[in-house]
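Letter by letter, the chains look like this.
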Amino acid sequence: MNINSEQLAELTRNVCQAMLGLDITPSPSPASSETQLTSKVCISGQWNRTIEVVASPEAARCLAATMFCMDPSEVAASEIEDAVSEVANMIGGNVKGILGGDCELSLPSIESQSSVTLETEPIAKATFDLDNGVLQVLLKHS
Amino acid sequence: MNALIVDDSRAMRRILRGIVTQLGFDVIEASNGAEGYDKLVANEDIELVLVDWNMPVMNGIELVKKVRSEPRYETLKMVMVTTETEPQQMARAIMAGVDEFVMKPFTSDILIDKFKLIGVRMPQSS
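Line by line, the protein sequences are chains A and B. Going by this note's numbering, the letters in the first sequence line up with residues 1206 to 1347, in that order. Going by this note's numbering, the letters in the second sequence line up with residues 7 to 132, in that order.
What the hints contain is simulated information worked out from the structure, not anything from laboratory work. Note that CB positions come from ideal geometry on N, CA and C, so glycine has one too. Incorrect hints may have been included.
Claimed, not checked - Derived CB-CB ranges, DEER-like:
1. A:Asn1209 with B:Met101: 31 to 37 Å
2. B:Thr81 with A:Leu1312: 27 to 33 Å
3. B:Gly125 with A:Pro1231: 29 to 35 Å
4. A:Asp1307 with B:Pro62: 20 to 26 Å
What the hints assert, rightly or not - Reference listing, derived: stretches of chain B covered by chain A, where coverage requires no fewer than 3 residues with Cβ under 8 Å from a Cβ of chain A:
5. 33 to 45
6. 69 to 79
7. 117 to 130
Unchecked claim - Straight line, CA to CA, 25 Å or less: simulated SDA-like cross-link-like pairs of lysine to any residue:
8. B:Lys45 with B:Glu92
9. A:Lys1245 with B:Ser37
10. B:Lys72 with B:Gln130
11. B:Lys72 with A:Leu1312
12. A:Lys1245 with B:Met101
13. B:Lys120 with A:Gly1226
14. B:Lys71 with A:Gly1302
15. B:Lys122 with B:Met64
16. B:Lys71 with A:Cys1308
17. B:Lys122 with B:Ala102
18. A:Lys1330 with A:Glu1309
19. B:Lys120 with A:Ile1303
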């Protein structure tokens, strides 16, 4: 069982719509070279996969402001990390559900990086425009 | 009337707090199952527990089993709110003793419907 980019995009849209009321639109833009916030969750067991949610500063702030019903200018860095991590957790859980089998989902981890490095070619990738920023979701082998 | 929210995600605790506060509950929070159990024992007026599955220290299933092993908590309403979406996981949670199971992502309407389904007494409507 694998998940393609269309399924990953649909799943991401569902998470953003249901939990945040955010309608996100697919974007052909690649992630920029500015500092990105990345949250990862890992699926292990019958399937070994990593889900990465990579958000530009604008997109990450938008997710947090929407999740916590705050003005974007008032969102703290810790709230931004919490929001991106929770989105990764929800997407990861849904991916795990689609993959099926006997698997465990890790807790989300967070990291900042100066650019998206595709050291592992993703199995599926979905990119969205979000508040003048970019939100990217990657599914990789792990 | 209190609701206990047990989730290691501050974001999710905040989202759940927003929903149950609107229903009139006072909210107590815990970031793992062990802390949740301690807060349950320390607060007598807890009517409802919302519990995540995947948490450090003590996970949600372990917490539910521990709580349900005590007769005094037999009628406590426990709802699991989790990213686990597989039917067999849902069955595990029900077997452990949760009253209902809510899969993330969810809307506030879905959560409130689940509360009604299992007869949660909501302060605002009492």
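These are the hints, each one checked on the structure:
The hint said 31 to 37 Å for the Cβ distance between Asn1209 of chain A and Met101 of chain B, and at roughly 34 Å that hint holds. As the Cβ distance of Thr81 of chain B to Leu1312 of chain A is approximately 32 Å, the hint placing it in 27 to 33 Å holds. Distance hint for Gly125 of chain B and Pro1231 of chain A: a CB-CB separation of about 43 Å, inconsistent with the stated range 29 to 35 Å. In this structure the hint that Asp1307 of chain A and Pro62 of chain B lie 20 to 26 Å apart at CB holds, the actual value being about 21 Å.
With 0 residues having a beta carbon nearer than 8 Å to a beta carbon of chain A, the region 33 to 45 of chain B misses the requirement of three or more and the stated coverage is violated. With a cut-off of 8 Å between beta carbons, the region 69 to 79 of chain B has 0 residues touching chain A; three or more are needed, and the interface restraint is violated. Coverage of the region 117 to 130 of chain B by chain A is violated [criterion: at least 3 residues with CB-CB distance below 8 Å; count 0]. Taking the CA atoms of Lys45 of chain B and Glu92 of chain B, the gap is near 29 Å; set against the 25 Å cutoff, the hint is violated.
Simply put, Lys1245 of chain A and Ser37 of chain B have alpha-carbon atoms about 20 Å apart, close enough for the 25 Å limit, and the pair holds. Restraint check for Lys72 of chain B and Gln130 of chain B: not satisfied, since their Cα atoms lie roughly 30 Å apart, outside the 25 Å limit. At roughly 22 Å between alpha-carbon atoms, Lys72 of chain B and Leu1312 of chain A fall within 25 Å of each other, so this suggested pair holds. Only pairs whose Cα atoms come within 25 Å are accepted, and Lys1245 of chain A paired with Met101 of chain B is rejected, the gap being roughly 30 Å.
For the given pair, Lys120 of chain B sits about 20 Å from Gly1226 of chain A by alpha-carbon distance, which is consistent with the 25 Å threshold. A hinted pair counts as satisfied when its Cα atoms are at most 25 Å apart, and Lys71 of chain B with Gly1302 of chain A qualifies at roughly 23 Å. A threshold of 25 Å between alpha carbons decides the hint, and for Lys122 of chain B with Met64 of chain B the separation of about 28 Å lies outside it, so the pair is violated. For the hint linking Lys71 of chain B to Cys1308 of chain A, the alpha-carbon distance of about 21 Å falls within 25 Å, and the restraint holds.
The hinted pair formed by Lys122 of chain B and Ala102 of chain B meets the criterion: a straight-line CA distance of about 21 Å does not exceed 25 Å. With a CA separation close to 22 Å, the supplied pair Lys1330 of chain A and Glu1309 of chain A stays within the 25 Å bound. This hinted pair checks out: Lys120 of chain B and Ile1303 of chain A have alpha carbons roughly 24 Å apart, not beyond 25 Å.
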